[in-house]
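A.B. asks: The chain contents come next:
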Amino acid sequence: MTFVAGINEQKIMGNNTCFHCGLDATSSTITFDDKSFCCNGCKTVYEIFSVNDLTCYYDLQQAPGATPKDIEGKYNFLDNAKIVEQLLEFNNDTTQIVTLYIPHIHCSSCIWILENLNKLNPAISTSIVNFGKKNVRVSFNSESLTLKNLVALLSSIGYEPFISLDDYSIGKKHVDRSLIYKLGIAGFAFGNVMFLSFPEYFQVDGFWIEKYKPLFRWLMFFFSLPVVFYSAQDYFISAFKGLRSKILNIDVPIALGVLVLFVRSSAEIIFDAGSGFFDSLTGLIFFLLLGKFFQQKTYTFLSFERDYKSYFPIGITKITTEGTEESVQVYDIEKGDRLLIRNEELIPVDCILIKGTARIDYSFVTGESKTVSKQSGDKLFAGGKQLEGSIEVDVLKSVEQSYLTQLWSNDVFKKDKELSFTNITNSISKRFTIVILLIALIATTFWLLTDSSKALNVFTSVLIIACPCAIALSAPFTFGNILRILGKKKCYLKNASVIEQLAKINTIIFDKTGTITANKETSINYEGSELSLDEETLLKSTLRGSNHPLSRSLYSILNKHDILTLDTYEEFLGKGIEAKYKGHNIKIGSAPFVGHTTETTTLNTAVHISTNNKYKGKFTFYNTYRKGISQLFNTLKKEYDLVILSGDNAGEKDNLTKLLPTKTKLLFNQKPEDKLEYIKYHQNEGANVLMIGDGLNDAGALAQSNVGIAISENVNVFSPACDAILDASKFNQLFNYIKISKSAIKIIKWSFLLSFIYNSIGLYFAVTGQLEPVVAAILMPLSSISIVAFTTIATNILGKKLN
Amino acid sequence: MSVIYILLAISIIVAVSFFIAFIIAVKKGQYDDSYTPSVRMLFEDELVKDNSKKTILTKKD
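Chains as they are written, first to last, in my numbering: chain A, 1 to 803; chain B, 1 to 61.
Bear in mind the hints are in silico, worked out from the structure with no lab data behind them. Nothing here was measured: the structure is a model prediction, and the numbers come from that model. Built from N, CA and C at the ideal position, the CB exists for glycine as well. Incorrect hints may appear among the rest.
The calculated label-pair distances, taken between Cβ atoms and stated as ranges, are [what the hints assert, rightly or not]:
#1 E344/A to S17/B: 49 to 57 Å
#2 E400/A to S17/B: 15 to 23 Å
#3 N506/A to G29/B: 41 to 49 Å
#4 I778/A to L42/B: 41 to 49 Å
#5 W218/A to V14/B: 52 to 60 Å
#6 V14/B to N91/A: 40 to 48 Å
#7 R431/A to L42/B: 49 to 57 Å
#8 M41/B to N52/A: 22 to 30 Å
#9 S17/B to A81/A: 41 to 49 Å
#10 I10/B to N91/A: 41 to 49 Å
With these hints in hand, go ahead and build the complete structure from the sequences.
C.D. replies: Now the structure itself:
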């Protein structure tokens, strides 16, 4: 992140961008303090900041702000004490603490202004930003400021918090820091034991070492206790679980090695037979935990576990039978309730539209960004966002039973993908463990027959030296590094096992809308009789007044014309627009609205035009496919089966068959459950499926597939539960990302070979009964460090190639 | 020679106290956010400059 570098940059303010948010301000005439603003909202925020001596906000980063949105009534649910109580992290008589997620946090200015909230309102005592998690933790005096007012304050300066159903039990979240503790303890003990072992490494004979030897050894023993019994406990637990379900996972030989190391070392110092292997023991656990820590790359600003709860509202306005408005918790909504859905609010349940005109954006659900208009009496599905004024609806189903949310009751969401497959380390460990036990037994029998005093020594030595530290380290370090490399390339993986799964893929399934098509762009074609210059001018002037997304897209592609002042202008919701200028009449909208009855069957979205009651033609909106899609499919088809599963109608079928390789299967009109079942069926046939989708309707398919990748235009906004989130701009790199995961598996196999060489050297010492603590203490870190170096260098070379 | 006991005792006490400091730091959540503090520490300078800069910024002609 490079924004800090911008702090001392000379401020070059163009006259045509908004000083606050950086948007185009050419057409606006709003200026204040010699600075231009795109709208009054931005100006107001600037005024707030300048009155409170907070203009430093603009020094840290150029145009860092966001236009504040109108939130009138949106947070009324924060009047409900029960809801507020659930959101608060801490609450006593006067002080309340709340952590709010603010999606707009993106730069140092954001951190600065949010940590100076106390200058805006003295009731706020402290506010601390966590940039990675994009949240701010605010402590405030509840006597002079309510949570609702705090949210309103944040919204008024353009930092509107995002409160979803997911936050409903925020106070009870537990942070697991045990790995850091374990690693700290192991590192601490490792260093001290190493230091205490030094005198004996150099074998200084004589009075001095003889006198202090027991003290040093017992100190080492005590240092190793917390390491074995606390830091290493996960390995014992996992090994025990593995054995119980009859699986020889990698933790079995590790646990065995640790146990033998500890018992033999303790026995040695108790009977004064030697110095033990405490140095190797603590070092081994330290390195293993380090690998675990490294692999645990998490993207705190992303969430891979999101379901509908992450973006459903907590509270909604209910209209009681007496006609009064009341905020209720979403879970308390019952069938038959009358709800009020305000502008920009999400519909939380399936319902029937009663009053008002709905224009619903289902992009969360389907990935389709075009809005749908509904009339009263129409059924509305949960998950849509109302975009135009308020509506009143009657509830048909409760939250859990709604069409969309029902998908989450499918068993597939309860399954942990990571547990259901054997990873590469465990699959090798099975053979490895058996071989090691065989070697140990053969060597011990041999020594029992020749020199029985050495037999026990040899047996334990073999188990110690064979402890597969290097093997256990190769996968975490390779995968950890690949995770970071892909993260830089805007492909965010949930965890390391995704890489392994990705390498095994043989079938790739794509969703259509929002996945292989771009959300932001559409291409528009005109069919019909040519429009005269006057008509085109009139059309452009008419569209100018409309806020409908289709009008906006159409407006932006038409040539520049002088804007006329229309005589009359009327917008018919859900139908179209009618305008008059000097006796010329124009109608823009749906086919029946413009009087075009001979509707040709078209499945694409179209806007029809008629002037002076004469039908002229239509503008058809086609999806634009992402750049490089054809090329990507052609590279992929050589190695994978390709399928497109679309929830839409077959309107784009011809386009797709032209664009994609002939082998690609195309299926349309697929419901969310159909997609899930389709994948399940093919998995039973032996396919390893990679599902690429974007909307909530793909959530089931993403969960069912071996690897589910969510495509996202903006990774911070929303993506359904998945294994990886891929930035839409990197979509054409998909093949390279799959390739890199395959190479990662190769690297791991090579490092396994490398660690076998070390193990064989060690086994030579062990089997011949000459394993000295110093040999183990050299061999163990040497093998671990060289494996780490090898995998790091190899993966970095892979990363370089990716450019 | 028994000075070695004193030295050992001191070294272990020092080591353990650093270790305890580490545990307390983790417990307080210092390791939870590894990014924001790196930005936050740069703000002190900005705040000092605030007064002098403000006059330029909010200058009215």
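A.B. asks: Taking 41 to 49 Å as the hint, is the beta-carbon distance of N506/A and G29/B inside that range?
C.D. replies: Roughly 44 Å apart at Cβ, these two residues keep to the hinted range, so it holds.
A.B. asks: CB of E344/A to CB of S17/B, is that within 49 to 57 Å?
C.D. replies: 55 Å, holds
A.B. asks: Are S17/B and A81/A spaced within 41 to 49 Å by their CB atoms?
C.D. replies: The hint (41 to 49 Å, Cβ to Cβ) holds, given that S17/B and A81/A are roughly 47 Å apart.
A.B. asks: The hint says 41 to 49 Å between I10/B and N91/A; measuring C-beta to C-beta, is that right?
C.D. replies: Between I10/B and N91/A, where Cβ atoms are some 47 Å apart, the hint holds.
A.B. asks: Does the beta carbon distance between E400/A and S17/B stay inside 15 to 23 Å, or does it fall outside?
C.D. replies: 53 Å, violated
A.B. asks: Using the beta carbons of W218/A and V14/B, state whether their distance is inside 52 to 60 Å or not.
C.D. replies: Because 19 Å falls outside the window, the suggested range is violated.
A.B. asks: If you check the beta carbons of I778/A and L42/B, does the distance land in 41 to 49 Å?
C.D. replies: 44 Å, holds
A.B. asks: Indicate whether the distance between the beta carbons of M41/B and N52/A respects the range 22 to 30 Å.
C.D. replies: The hint (22 to 30 Å, Cβ to Cβ) holds, given that M41/B and N52/A are roughly 23 Å apart.
A.B. asks: Return holds or violated for the Cβ distance of V14/B and N91/A against the range 40 to 48 Å.
C.D. replies: 42 Å, holds
A.B. asks: Is 49 to 57 Å right for how far apart the beta carbons of R431/A and L42/B are?
C.D. replies: Given a distance of about 54 Å, which is inside 49 to 57 Å, the answer is holds.
Violation of the numbered hints given earlier is confined to hints 2, 5; the remaining hints are satisfied by the structure.
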